[in-house]
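Protein chains: 2
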Amino acid sequence: MSTILLDRSAIRSLINMSEVINVVEEAFKAWAEGKANMPPKAYLTVERGDFRAMPAALPGFAGVKWVNSHPFNRSHSLPAVMAVLICNDPETGFPLAVMDGTEITYCRTGAIAAIASKYLARRNSNTLGIVGAGCQAYTQIIAHAELFELTSINAFDIATENMDKLISSLPEYPIRKCSLEEAVSSDIVCTLTPSREPIIKRRWVADGTHINAVGADGAGKEELEPSILRDAMVVVDEVVQASHGGEINMPISKGLFTVDEIYATLAEVLTGKKKGRTDSKAITVFDSTGVAIQDLAVAKLIFGKAQERGGYPVLGLV
Amino acid sequence: MSTILLDRSAIRSLINMSEVINVVEEAFKAWAEGKANMPPKAYLTVERGDFRAMPAALPGFAGVKWVNSHPFNRSHSLPAVMAVLICNDPETGFPLAVMDGTEITYCRTGAIAAIASKYLARRNSNTLGIVGAGCQAYTQIIAHAELFELTSINAFDIATENMDKLISSLPEYPIRKCSLEEAVSSDIVCTLTPSREPIIKRRWVADGTHINAVGADGAGKEELEPSILRDAMVVVDEVVQASHGGEINMPISKGLFTVDEIYATLAEVLTGKKKGRTDSKAITVFDSTGVAIQDLAVAKLIFGKAQERGGYPVLGLV
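Which chain is which? The protein sequence lines are P and W, in order.
Mapping of the first sequence onto our numbering: residues 6 to 323, in sequence order.
Mapping of the second sequence onto our numbering: residues 6 to 323, in sequence order.
Don't read these hints as lab results, they were simulated from the structure.
Since we're looking at a predicted model, the values are computed, not measured.
A hint or two may mislead.
[Unchecked claim] Below, a list of computed lysine to aspartate or glutamate pairs in the EDC-like style, where the Cα atoms sit at most 16 angstroms apart:
1) K40/P with E52/W
2) K286/W with D222/W
3) K206/W with E187/W
4) K40/W with E52/P
5) K206/W with D236/W
6) K286/P with D265/P
[Said to hold, decoys possible] Sample of chain P residues lacking proximity to chain W, with all beta carbon distances greater than 10 angstroms (derived):
7) E24
8) N27
9) R53
10) V89
11) Y178
12) D222
13) T263
14) D284
15) G316
Note that the Cβ used here is the ideal one computed from N, Cα and C, for glycine as well.
Whole structure, please, built from the sequences with the hints as guidance.
Structure follows, in structure tokens:
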């Protein structure tokens, strides 16, 4: 037996957003039903960044994502975040595959936001606001376009070149540059910045808006004025992780929001244990911090397709 | 930049026990001096076994070992334990290498026991007892032979074929089959079994014996009668891990031993903060549970040698 190796270009050729959305939604349901297992992440802190080990098991598939976060990597011409996935057979522990996890991370992050929008945004939403046109913006657009008829994608970034690159890289989508306030006036808003100060004002957020708060992924980060959370139905992917490093972490630490004010977990909404949007005027917020079952669900999909296609290089580990 | 791939045969061709002993000892010293970082392992439990993510950072090198333990794998003709290592540049997080971790696990486990013996066994020790002649026995013998003039290696296993295989595989060492009691009468004894009952009797252990208790690596496992621990200087690799899953875990849970009775950590002994053996009549026990800095230290050594040699396959992850 050999371990299949899938580099970044192999992942790109095998991945498909519509399928990713399906498997990520199924994985969240499996998790809610006790059919998936996901222990807490292990964090390794080094001088210029950190690493996270994210283990998870789904029916028939297990593994770990090992991902760094080095915010100052631009000076090395390297991405801030690079991920590797090791995938195993849960029956024997055999390492089935080692694969690029960076592309999978982008895709699953876009997918889960679009899934949240499916349950929390207004059904007839047709404008998408992008706040932060960096590498996370691409999959947010592609995933939302799978589930919504988007007539306008309103993109803002403090760096004009990021907006220009986004528009030229995705010519098939109706993306236009706009101000921050205009981006926030969209039906669905995805916030994707590394901000440590609230940049989205409460007064800009209209009734009926759904916000996917994706940027905050560590203690001290926040993008939304806390009054937005107080006025919104707040749904999180994982309560403990969101409380410590998600959009709600700073409001909680300042006493402006409490864990009891979380409306539901996304898994509760997907399984119907809690209702999604019922009021067209409600503001809804999905606090996305990223969980390992998303990655493993996509890795399982990709591994199955790679096995079918065949011909990939292998590594002799056993 | 590419990520170097090292399969099991590459590791075998690059690894050398004498160097492994040196780098593992240096890593423990670095850890004691606050120059290494090792957060707790993350455990993922599945129906037929478990997985552990073991992250660590050493000066200039970081990474994670992902290792399973599936005790019933013999029916699948697979080893119970298989490990993969991902190695990163701590400055940028870049994944420098993905390598087989199984061979490294065996070697570092032998190395740390031999290092413990160097500080805790009598200097003139020349007989080595092996209790359990399975896959861990090989590196215990090779590592101890690096540091001691062994005149007799007394090996016991409940399966005769394991002893025969050990003897025929290592013809250059003076290994002989013996009873359990005879193995325990050696100057240095390595216990390497998956036992969940004490199999080593207190009355068999002579004054001056040093025992490396390696087998117990999870809650419920134990090899030594607790009275051995009570009469011995007990040194552990990591206090919390040893308390929960090392040789001392069962005696602690039964109230027969306490954390306060641990004499020292191995790092304290290696750095001279606590003395090693001072009394030729003392019984000493090293409770080895295995820590990630051992693996990363060896991975760093191997990676440096692989870079020098060149020509290994690579994986495009970034």
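A quick look at each hint next to the structure:
1. K40/P with E52/W: 11 angstroms, holds
2. K286/W with D222/W: Roughly 28 angstroms between the alpha carbons, so the hint for K286/W and D222/W is violated.
3. K206/W with E187/W: 12 angstroms, holds
4. K40/W with E52/P: 11 angstroms, holds
5. K206/W with D236/W: 12 angstroms, holds
6. K286/P with D265/P: 22 angstroms, violated
7. E24: Per Cβ check, E24/P is outside 10 angstroms of chain W; nearest 22 angstroms; holds.
8. N27: 24 angstroms, holds
9. R53: 6 angstroms, violated
10. V89: Non-interface label on V89/P violated, nearest chain W Cβ at 5 angstroms vs cutoff 10 angstroms.
11. Y178: 26 angstroms, holds
12. D222: D222/P is indeed farther than 10 angstroms from all Cβ atoms of chain W, at 15 angstroms.
13. T263: The assertion about T263/P holds, with a minimum of 28 angstroms to chain W.
14. D284: It holds; D284/P is separated from chain W by about 40 angstroms at its closest Cβ, greater than 10 angstroms.
15. G316: Its Cβ never comes within 10 angstroms of chain W, the nearest being 15 angstroms, so this holds.
In the structure shown, a violation is registered for the earlier hints numbered 2, 6, 9 and 10, in ascending order.
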